[in-house]
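There are 2 protein chains.
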Amino acid sequence: MIFKIPEFEDIIEAHERIKSLAHRTPVLTSQSINEITGGKLFFKCENLQKVGAFKYRGACNAVFSLPKNQLLKGVCTHSSGNHAAALALAARVKNIPAYIVMPENAPAIKKKAVESYGARITYCRPTLESREQTLLEIQDRTGAKEVHPYNNFQVICGQGTATKELIEDYGEFDVILCPVGGGGLLSGSSIVSRALNPKGLIIGVEPEGADDAYRSFHSNMLVPSINPNTIADGLLTSVGEMNFRIIQRKTDEIVTVSERGIIRAMRLIWERMKIIIEPSAAVPLAAILENKVDVTNKKVGIILSGGNVDLENLPF
Amino acid sequence: MIFKIPEFEDIIEAHERIKSLAHRTPVLTSQSINEITGGKLFFKCENLQKVGAFKYRGACNAVFSLPKNQLLKGVCTHSSGNHAAALALAARVKNIPAYIVMPENAPAIKKKAVESYGARITYCRPTLESREQTLLEIQDRTGAKEVHPYNNFQVICGQGTATKELIEDYGEFDVILCPVGGGGLLSGSSIVSRALNPKGLIIGVEPEGADDAYRSFHSNMLVPSINPNTIADGLLTSVGEMNFRIIQRKTDEIVTVSERGIIRAMRLIWERMKIIIEPSAAVPLAAILENKVDVTNKKVGIILSGGNVDLENLPF
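Top line first, the protein sequences correspond to chains A and B. Its first residue numbered 3, the first sequence is counted upward by one per residue in the numbering used here. Its first residue numbered 3, the second sequence is counted upward by one per residue in the numbering used here.
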């Protein structure tokens, strides 16, 4: 398939577009985690972003770059996660309709979040086929524009802005680490890192139980995620085609981490940094703790991707 | 008793002294909490301060303003809470000895924290008498200077710097709210607010179950805390004499909140803002949620005092 891949200039444009809409999130450091890891770690707190995840950046950029004639018809997507909430809020801010397809078994708390942003939810059976079929029907009926959670030009550009801010605010890094699920964050971050941090490495981190990006990257062939299983529920999806194309060209390495490592890293961040992150956001620190990435005496940027976690159901 | 009370100029001096030692903590906002409360709330995140509490400011200022001839002898205090960890770390940074008296039944996690900063701990029986006696013995033996957790000139000046940063970074406020335990934070904040935010109100908030500051303020007479009982374990102590003197002159109001309100506010901040705060830090938001302070259409500053909470033992 032929498609245009975002350039750094597109991310600059995206940043101009969403600057006033999304938080410029704080960057935190922890002396005790630096002592444990031997590196100098800078955590970009996208858990403190609106809707509690970096996803708001991409959704905003997609919504606010729609052509005028699309605005009345609105946007749609199928998602049960952070992207659904992000798209719903971005559409509300722009004052256009958002149609979200969610599996009927989605957690009540996620349904409520999406509803509270005023999106129109259509429930479907919890299969990919049913999701896609339902989404097609909605598109036919409403003319709404699909905004894919990651395999989307404007979404990738929006996600890249987190790493852009990190480098603008703290200078160049030896290594930048971010989680990989569908690859929206990693592909956007990789474009930015190549442009603004050319001497540093950009590394994606994935759970062992959902290692399709790792396998794809190392076999140079897009391998789907089959029966993925990890506590990092934001990283279950397969890498998108556009995302993979970018990752192949611009990412330096992908490594995997264990479930135990994810939980340990998550807890360490809760305890030492006093912030709430979801398991998906803990994978980069897990890679450091499990010695998959050597950070000794290195300056390291870490994107903490999100903080949406069920407080009734903590893994510790 | 006659003693000198800090002026705003002393807090400016304190700020110069500790600026490079303590984090200039981020200020967060939450659209959803604004919608719930009807105000425009700015949360100064001292839970993200070193040692997880504003206490590091006061401890640093006390340690770094010691006269040269005191340095070798070091500092001491009795505390089982955030002040002990703060003083231990400040002393380590200055490379002087810290002697901490802790009750033998202090939680293991607190003992560990103080130990990890290299302080010398002396355990005593869990009574105020035993604590004070043990501290006197240590002072006699070592010549260490006592740094009281709140009834101390330099500590008050250090604590005031959080509110100074908040106003410097975000301009004037209609209302500034902060918790009251011993009154170190409230007295320092009140001095700053009178100087930099003279048209706004500065209000202290206290748990109903530990309402000595409330009763003292309204009777104009220092009333001790008797059998206090609240989940906000940082607010159990009685207001100090120097603190009360300042609060009488410079604080506009003190209000109290229920235990239920504290837990609700704490959970709301965890869920919506994705940060970890301890119960003591939740009392200002509780006062808003319980309509003890009207914030409708007002710009409100809130000091989130700390984030040290036992993850094994959450109240929700």
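Keep in mind that the hints are not guaranteed to be accurate.
Partial list, derived from the structure: chain B residues whose beta carbon lies under 8 Å from chain A [said to hold, decoys possible]: (1) Q33; (2) I98; (3) K276.
Calculated lysine-lysine pairs in the DSS-like style (CA-CA distance at most 30 Å, straight line) [what the hints assert, rightly or not]: (4) B:K300 to A:K294; (5) B:K300 to A:K114; (6) A:K21 to A:K294.
FYI, nobody ran anything at the bench for these hints, they're computed from the structure. From the three backbone atoms N, C-alpha and C, an ideal C-beta is built for every residue, glycine too.
Hint-by-hint comparison with the structure:
1. Because the closest C-beta pair between B:Q33 and chain A is about 7 Å apart, less than 8 Å, the hint holds.
2. Interface restraint check for B:I98: the shortest CB-CB distance to chain A comes to about 18 Å, outside 8 Å, so the restraint is violated.
3. Interface restraint check: B:K276 against chain A, minimum CB-CB distance 3 Å, threshold 8 Å, status holds.
4. Among the hinted pairs, B:K300 with A:K294 is inconsistent with the structure: their alpha-carbon atoms are about 49 Å apart, more than 30 Å.
5. A hinted pair counts as satisfied when its Cα atoms are at most 30 Å apart, and B:K300 with A:K114 qualifies at roughly 28 Å.
6. With a C-alpha separation of about 34 Å, the suggested pairing of A:K21 with A:K294 is violated against the 30 Å cut-off.
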